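Given the structure of chain A, go ahead and fit chain B onto it with the hints provided.
Note that the protein sequences, when read in sequence, are chains A and B. Numbering follows the UniProt record's numbering, with no gaps: position 375 of the first sequence is 375. Numbering follows the UniProt record's numbering, with no gaps: position 312 of the second sequence is 312.
Rather than coming from a laboratory, the hints here were simulated on the basis of the structure. All values derive from a computational prediction rather than experimental measurement. Backbone N, C-alpha and C define an ideal beta-carbon position, used for all residues, glycine too. Be careful, since some hints might not be right.
Unchecked claim - With a Cα cut of at most 16 Å, we get these calculated EDC-like pairs of lysine to aspartate or glutamate: (1) A:K84 x A:D118; (2) B:K186 x A:D262; (3) A:K186 x B:D359.
Stated by the list, open to error - To give a feel for the contact side, a few chain A residues facing chain B, derived at Cβ under 8 Å: (4) D40; (5) R212; (6) D262; (7) D449; (8) N495; (9) H544; (10) A545; (11) V553.
Listed below are the residues making up each chain.
Number of protein chains: 2
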Amino acid sequence: MLNLFCIVTVLVLFINTLKPLVPNVDKKLESLVIVKVIPDQQYPPTKGEVWPKPQQQIKEQTYFKLSPSVFKFTEKGETCEILKNAIERYTIVLRDIHRIVCRHSKKKWKHAETRKLDTNPDYKGTLEELQINLSRPCEAYPHMDMDENYSLNVSAVSSLTSDSIWGILRGMETFAQLFYLSNGYKDVLINSTQIVDFPRYPYRGLLIDTSRHYLSVANILKTLDAMEMNKMNVLHWHIVDDQSFPYQSEKFPQLSEQGAYDPSMVYTKANINKIVKYARDRGIRVLPEFDVPGHTKSWGAAYPGILTQCYESGKVVGLGPMDPTQNTTYKLIRELFREVQDLFPDKYFHLGGDEVAMDCWRSNPDILNFMARHNMTSTSELHAYFMTKVLPLLGQKSKPIVWQEVFYDGAVLPSDAIIQVWKTIGPQDMIAILSKRHKVIYSSSWYLDQLSNGGDWYNFYVFDPRRIIDSKSLKLEDIVGGEACMWGEVVDDTNFIARVWPRASAPAEVLWSALNPQYTLSNGSEIASRLEEHVCRMNRRGIHAQPANGPSVCIGRI
Amino acid sequence: MLNLFCIVTVLVLFINTLKPLVPNVDKKLESLVIVKVIPDQQYPPTKGEVWPKPQQQIKEQTYFKLSPSVFKFTEKGETCEILKNAIERYTIVLRDIHRIVCRHSKKKWKHAETRKLDTNPDYKGTLEELQINLSRPCEAYPHMDMDENYSLNVSAVSSLTSDSIWGILRGMETFAQLFYLSNGYKDVLINSTQIVDFPRYPYRGLLIDTSRHYLSVANILKTLDAMEMNKMNVLHWHIVDDQSFPYQSEKFPQLSEQGAYDPSMVYTKANINKIVKYARDRGIRVLPEFDVPGHTKSWGAAYPGILTQCYESGKVVGLGPMDPTQNTTYKLIRELFREVQDLFPDKYFHLGGDEVAMDCWRSNPDILNFMARHNMTSTSELHAYFMTKVLPLLGQKSKPIVWQEVFYDGAVLPSDAIIQVWKTIGPQDMIAILSKRHKVIYSSSWYLDQLSNGGDWYNFYVFDPRRIIDSKSLKLEDIVGGEACMWGEVVDDTNFIARVWPRASAPAEVLWSALNPQYTLSNGSEIASRLEEHVCRMNRRGIHAQPANGPSVCIGRI
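Chain A with its partners taken away, still in its complex shape:
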């Protein structure tokens, strides 16, 4: 299997000193790779199976037919705008599924076949209603401790029950996924089903990077549609980086005027409000990241004074990370972050803190003087100094999330700071962080920029991060979840959706369902078949997810 591509890869690795963000793996983990599927193989899609898999489900042989002119959602408990929007949205989803039937029935529908359905003893008639029993008033915005539990009972008059609007939203998605086309695409059916469901992890995120390539607002909204279908609940928006500054600030308009790729490639206040509201309606938080002090070159287009001058042989050769010795740096950060905090209602704020180019700091005589005056012997201490000054700038309004380097470099972290692990695949970083009583978001296994041949989702269907830690003294609940990361170097509007989906569906299921490893080990085909159905379902709802496995067909794609 040695081929030219491997050889090229070796050569390229040799000449490649700049490869960003590739996690290392703990060799002992080989035994934890748990889905056995054959790449490029055809897997028959399931019918009406839910992705991610519900925690408890009983499905009966009896079934009902969907007729959009008969079926209705009814609010039996509390209600609110979020619920009303969801009812409108899912009414359209069900109507669209039914349209496939209408298109197919034009040519071939026969009364005889209708009768065949009607006389089948398992057929229980037309589905009439889903009663929605929301027992508590809606919360205004999703949050880390949001309640997503729900129970669903499908019969002629069906019911969905939850204490929380977020649980209702999850249940409505599950309900929509239970429908399937049958009898040669001539009927939309749903089986009698009882489900009790809840997520394993409260934080199930997707990172998007709008700095390496700009992503259109339409594409971000489409991403939120797909996240809802996969029960992911955090859009981690890595909005700016070295390459461009598309965030349009009202206080500092020059940041995007000078730093965006183009005046058309910015996110205005109106854009962000729209995205945040669209996400909230789907029970999804939008977590802003403004990465400091590294990954900030685009800030320097407007404000070069806040960046460090990098030296070579006594001469300035360019600009590097933020300059931690300048008060103006912190002032700009504070003012900008206040504006961002007003725009993003989430209780968390991601400050970045990864991959600081410390060589540049070390090359600069003023920085070295500053370090000497403050008795610092390493630039890691300077990084810690910088982050320790920046963290309190968030004030009471937001709690911080930072990449793991901030923890390891020794910044003074508030106890409620969450650390995002990305550098090692395996337990060791999580153990180090948990033992200091910080919460953890794990993302190392889910770097979607890692490509392999074929439908490579199984590379990301790896392990439940809480299960790989073998320690009774650690509080595993402090691993609050994980995140699929789609770094933007080689994705833009042309390929973003198809590259993310269904690959991100793998961590979405791991983080929601946390299936027993024994089950996973022996059910590769079942998982592949469910994902096959799920991809077609996404396609039918307008999300251009790429093929999951091998050869396949999806009727009714939008």
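Just chain B now, kept in the frame of chain A:
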């Protein structure tokens, strides 16, 4: 750099016994990998550079401005429908480039800046005309020996000269690519340029596979647009295979009625006529492949009798390759191929002949009896027997192309049969075939289903197949070209275009330009920058090619 994904890959290879179509590589070829670029790095796009690179080009500092209201194409020699269509098409291309200027000029256009252009001594005014001097009458259809040479001279009144309509088409594409946006997207400029250009190889193909996943007609037409932009001239249409039979036959309508994925997922006679004409207008041949005797399970939906029954422990367990012992097999092939020959005007017909599941043949007692009666000791002989009977069924109308197994298994091949090499990356198969005086199409290096991280086009920018053969006794001109192969296991309408482009642009340039390896070795950045411009150019012309390298921006994408 060892990571989880490698580990998963190793595991998957272990459990994967069905992986199709992965070529092996000759280890000695390591030294021939010749483009040095850094994955994920940002490469600044060139301005008005042509892809694939012309053979001879002189570009001057002086330049002209494009004004669509002034500029016109004029026919000074022969003309025909193909030329008139091309003029219409490129008139729109130039108008669309200019629209980007109009959009940008609305906000910021200043008379001062106009004057700045007008007073620049290198500025020579507005481009008025491209005179098209076609010296011979148009041919009706492109062919293996088509003349694609042209010369182009850009000045106020520019001229494009060729003996052949096909050369004129190539030159018009080059002309369109010489334009670039300048002065902050406020002007479309073109430099004074002289080009003499011709292809290194007469056959520069792209294989599409419409059986593993159906591709819409719209997507195939878009692919032809992209091929024209990359000066590729053969669409190798692997139209049917095991998984589905989308070709709609008039003589045998049941083949697609039973064998297509869905009644909507077929190619009708009208669809094929449209595709063939669209391709011809762009100087692109459409080469049909009906792969026999393997890769034919979908034929069996309508005609199970032509397939071999495979046995296990004395019982029939399924259907395998075509049954070479049945006369009905050959009769169906002959009748179907006659119809296909009438529909596709190309002088070649691809008969496949790869990867025959000989285990099935060996399991069948009737096949074994037949072999014994004909004194055959191996199923390779049976394969040769089958192909030797099928090859003459093409009659005088088409010459055959076959995959390399047909050659190695010893079929009696007519001297004008072309052999397509796919199994080994390197010279050995080409040498074996050339020494038997057959022509060769080389495709092993260009399997686009081989994915790597980053903008991985450089994996396909490998070597000129004629240059790696170190033999004076062989006729290197018999290597007629090469082909990028996009097998369909994991591509469909959602990701096809973005996955093929710009990755197929790499072999397109190798096969047209055949740049000196010394040049290639030392100009990785230049190649990457030209491809960066080319991707944006494709985007602006409505082809959603994915990012070529690392972070980038494309203004004016459609």
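Checked hints:
1. A:K84 x A:D118: 33 Å, violated
2. B:K186 x A:D262: This hinted pair holds, its Cα atoms lying about 13 Å apart.
3. A:K186 x B:D359: 40 Å, violated
4. D40: Nearest chain B Cβ about 4 Å off; hint holds.
5. R212: The hint holds - R212 of chain A has a Cβ within 8 Å of chain B, the shortest such distance being about 4 Å.
6. D262: Check passed: Cβ of D262 of chain A comes within 6 Å of chain B, closer than 8 Å.
7. D449: 6 Å, holds
8. N495: 4 Å, holds
9. H544: The hint holds - H544 of chain A has a Cβ within 8 Å of chain B, the shortest such distance being about 4 Å.
10. A545: Check passed: Cβ of A545 of chain A comes within 7 Å of chain B, closer than 8 Å.
11. V553: 4 Å, holds
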